[in-house]
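Work out the full structure, taking the sequences as your base and the hints as a guide.
What follows is each chain in one-letter form.
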Amino acid sequence: MTNFLKQNRPLIIGSLAAVAAMAWALSQYEPKVAASILLSGLTLGALYFLVTSGLSLIFGLMDVLNFAHGLLFMVGAYMGYTLYANPRILLNTLPLLLALAGGAILARRAAPMLPKIPGGQAARWGLWALAVALLLLGSWGFDLAPLASTGISAGGDVPTAEAQEALGLFVGRLLALAASGIAGGLALALGQPFAGRSRGPRGLVLGAGLLALALLIAPARTLGEGAILGLSSNLRFLIALVVGAGSGAALGGLIEWSLIRPLYSRPIYQVLVTLGLVLVGTELVKGVWGPTGYYMDTPDFFSQRGEACPSPNLVAWLGDHCASIDVLGRPFPSYRIFIIALGLIMFAAIAVLLRRSRLGMIIRAGVQDAEMVQALGINVRRVFTMVFALGAGLAALGGVAAAPFIGVNPGIGQEFQLQAFIAVVIGGMGSYGGAAAGALLVGLARAFGDQIVLSGIQLPFMAEAVKFSPSIARASTVLIMALVLLIRPTGLFGKKD
Amino acid sequence: MIRKIPPAGWAGAALVAGLCLFPFAMALITGQPVGEGAPKFWQGMLIQVFILAVYAMSYDLLMGYTGILSFGHALFFGTGSYVLGMMLKHAGWPLWQAALMIVVVAVAQSLIVGVLSLRVSGVYLTMVTLAFAQMFFILAEATDFREWTGAEDGLQGIPIPSWISPTDQRLRFYFVALGFALVMYLLARRVVSSPTGAVMVAIRENEPRARMLGYNTFVYKLIAITISGVMAALAGGMNAIWNLNANTAMLGVGTTINALLMTIIGGAGSLVGPMLGAGVLQLLGYWLNAAFGPRWPLIFGVVYILIVLFFPYGLVGTWRLRGAGLLALWRRRLGEARQQV
Chain A
1 MTNFLKQNRP
11 LIIGSLAAVA
21 AMAWALSQYE
31 PKVAASILLS
41 GLTLGALYFL
51 VTSGLSLIFG
61 LMDVLNFAHG
71 LLFMVGAYMG
81 YTLYANPRIL
91 LNTLPLLLAL
101 AGGAILARRA
111 APMLPKIPGG
121 QAARWGLWAL
131 AVALLLLGSW
141 GFDLAPLAST
151 GISAGGDVPT
161 AEAQEALGLF
171 VGRLLALAAS
181 GIAGGLALAL
191 GQPFAGRSRG
201 PRGLVLGAGL
211 LALALLIAPA
221 RTLGEGAILG
231 LSSNLRFLIA
241 LVVGAGSGAA
251 LGGLIEWSLI
261 RPLYSRPIYQ
271 VLVTLGLVLV
281 GTELVKGVWG
291 PTGYYMDTPD
301 FFSQRGEACP
311 SPNLVAWLGD
321 HCASIDVLGR
331 PFPSYRIFII
341 ALGLIMFAAI
351 AVLLRRSRLG
361 MIIRAGVQDA
371 EMVQALGINV
381 RRVFTMVFAL
391 GAGLAALGGV
401 AAAPFIGVNP
411 GIGQEFQLQA
421 FIAVVIGGMG
431 SYGGAAAGAL
441 LVGLARAFGD
451 QIVLSGIQLP
461 FMAEAVKFSP
471 SIARASTVLI
481 MALVLLIRPT
491 GLFGKKD
Chain B
1 MIRKIPPAGW
11 AGAALVAGLC
21 LFPFAMALIT
31 GQPVGEGAPK
41 FWQGMLIQVF
51 ILAVYAMSYD
61 LLMGYTGILS
71 FGHALFFGTG
81 SYVLGMMLKH
91 AGWPLWQAAL
101 MIVVVAVAQS
111 LIVGVLSLRV
121 SGVYLTMVTL
131 AFAQMFFILA
141 EATDFREWTG
151 AEDGLQGIPI
161 PSWISPTDQR
171 LRFYFVALGF
181 ALVMYLLARR
191 VVSSPTGAVM
201 VAIRENEPRA
211 RMLGYNTFVY
221 KLIAITISGV
231 MAALAGGMNA
241 IWNLNANTAM
251 LGVGTTINAL
261 LMTIIGGAGS
271 LVGPMLGAGV
281 LQLLGYWLNA
291 AFGPRWPLIF
301 GVVYILIVLF
311 FPYGLVGTWR
321 LRGAGLLALW
331 RRRLGEARQQ
341 V
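One line per chain: the protein sequences are A and B, in this order. For the first sequence, position 223 matches number 223 in my numbering, and the numbering has no gaps at all. For the second sequence, position 290 matches number 290 in my numbering, and the numbering has no gaps at all.
If you're looking for bench data, these hints aren't it; they were derived computationally from the structure. Given the structure is predicted, the values throughout are model-derived calculations rather than measurements. Do not rely on the hints blindly, as some may be mistaken.
As the list claims (entries may be wrong) - Chain A is faced by these chain B residues, among others (derived, beta-carbon under 7 Å):
| hint | residue |
| --- | --- |
| 1 | VAL123 |
| 2 | MET127 |
| 3 | GLN134 |
| 4 | ILE138 |
| 5 | ALA142 |
| 6 | ASP144 |
| 7 | ASN206 |
| 8 | ILE257 |
| 9 | PRO297 |
| 10 | LEU298 |
| 11 | VAL303 |
| 12 | LEU306 |
| 13 | PRO312 |
Where a beta carbon is used, it is the ideal one built from N, C-alpha and C, also for glycine.
Here you go:
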């Protein structure tokens, strides 16, 4: 115990100082205001945690600083919003991606069983060229703008019948993309002739399944849109959470496999690639969904209004689902309680995963020494991809959860990434508890900042309260980071280097 | 004392001479006067290339020579723009005093940011520098300082002295910008070839060893950040003169990404590479914008990722690695062809 105290003296003093400062600051306000600041801080902290934890896990395990993490957050938000409010974009693009991926997986796994393709290197480049040509052919003239249009966009709503392409053309695209995937998969297989020979039929089944799914969705697009929009908003929101997180995880896995993995021998270039991804991804998102933002409705579960509202307490809220809950005489939006709960659940779930599961054991060992884990016969590369996907999925989940709270726009990725970076620097890279603590601290600081923006700050020697804009509150977290850097450069929970 | 001038030196001198003649050559080819139409447009294009070249070169002093990967370089570029704008517009200072002020502010700023961010290294430093740059970006957008910075509209209508006005005296400004780029290049080369520059390279290659040899690496890194910051700020000031404004985008992440793009495309670890990269970025950007409209950064991002993946040494680096071999191959083919004739 005394040993622990000695080793962590700065940390303990720092935490005590932070708690004391917070208690003092809270005591300056009425209890109801203080409570709502605390709850707002927890809400923001929960969202920051979802971004920070993945960032920290990925860095801890594979030393990759993922600058595209904010992008994944944003993609999650957009995918969730799309499924919730305008699913026809998904229904018209998902089959195309499925066909491409299905074709590629099928060809990659089937290649070892096929007779050897003659021609060597030339055949490989020829196949790549064929794949690119078919990809261009399959996506030529595909217009997303009418599909993305909604009631509030400039041209008004375009009816689905006009917005989506006729079945014949769409299936033609599917076939072209599937062929492109097959050519690409064969080219990949030619590049790595010995890898993946004895994986059995699992890959084949997966590839064929994806292709079949794409062909199944194609004729059912209109039907699917009606079915999804016909669901209750709560169920739709639940599906949106799953779809958003899932697509974020899939994208994260794809990024690791295609762009990060070839660069493990050149760590600096990994960072450079992820920064390039931000550029590409942001432009793609603007291209698909337009440069302006969207507002996502809160599901019915959190948005009932009426005489009984706001609900007097959490238990009563379970019965009436009011939009806000009374906290010491001040209404607090119930949706934010959901965000806090989600953050806590994910915190506990990841902690259990890390502490109690085999995968978690491998991850923790990998953080210590990835090479040693590899030497023990564990496929560390696959664990890398899984952890990258996991972190990306967490960020995307945060994005969906944030969508009804702050809306969806092409700038949210960058904003959350900045705050997540600050949280990571404060908490210490590669430490799970540090990520949580940093996120919480940044969230609370932002909540205080927002309150001060509302009420101004009363300095003892000035007659009037000093007022400033929300921008100052956003920038102030950087100052906390600077302070932590001065006192403890490795962060509150970081390892000493 | 007469030194033998290397072939690269002759090539450089020829390039500068060519750039000096360029406006007149354009005027001859197009048949339009030097101060109007296409010649004027292309002078403007090159002026932007010169400014960006200095900015990219300053970034490479950090990234390519010292091995410090900063993601906050826009901070200096943007601050230079804003300082120049505020000094001319609000304080009514003459241009040379404003330029001096840029240097003073940039030194102070890079010392503060350097002392704080150099407490960490590697990817931590990228995050910390990014955070500092974002802080200034947010502050520039803040409505509290609207009188001074113009908030999200930027600082518009900077009163530029008429003798250097980029619209009326384009040709003169062209030569000023060319001279600026040349002076900055010579300065940077002086730094790189000095003993200090050698220590910077040593830090890039192996910092613990440099420290073991007795060099205070922290001080050298701080020097690198300061020199690079001042150069970037001066380039930012030039940019403010050229645009007649200073806006928040100059402080944004996009500006830092531009520095990276130019350095990576041209080749990190050489002074000429990033300058070349600036030319490629500017001209390619112009054509891509004409061909693809406002979504052209998408194409650029893809090109950037491909370069990072497949040509990590950039144009100049790849040429240095492969150039000799290619030249030899070309000569041999030429010889074979001659024999066959």
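Are there hints from earlier that the structure breaks, and if so, what are their numbers?
When the structure is compared with the hints, numbers 7, 11, 12 turn out to be violated.
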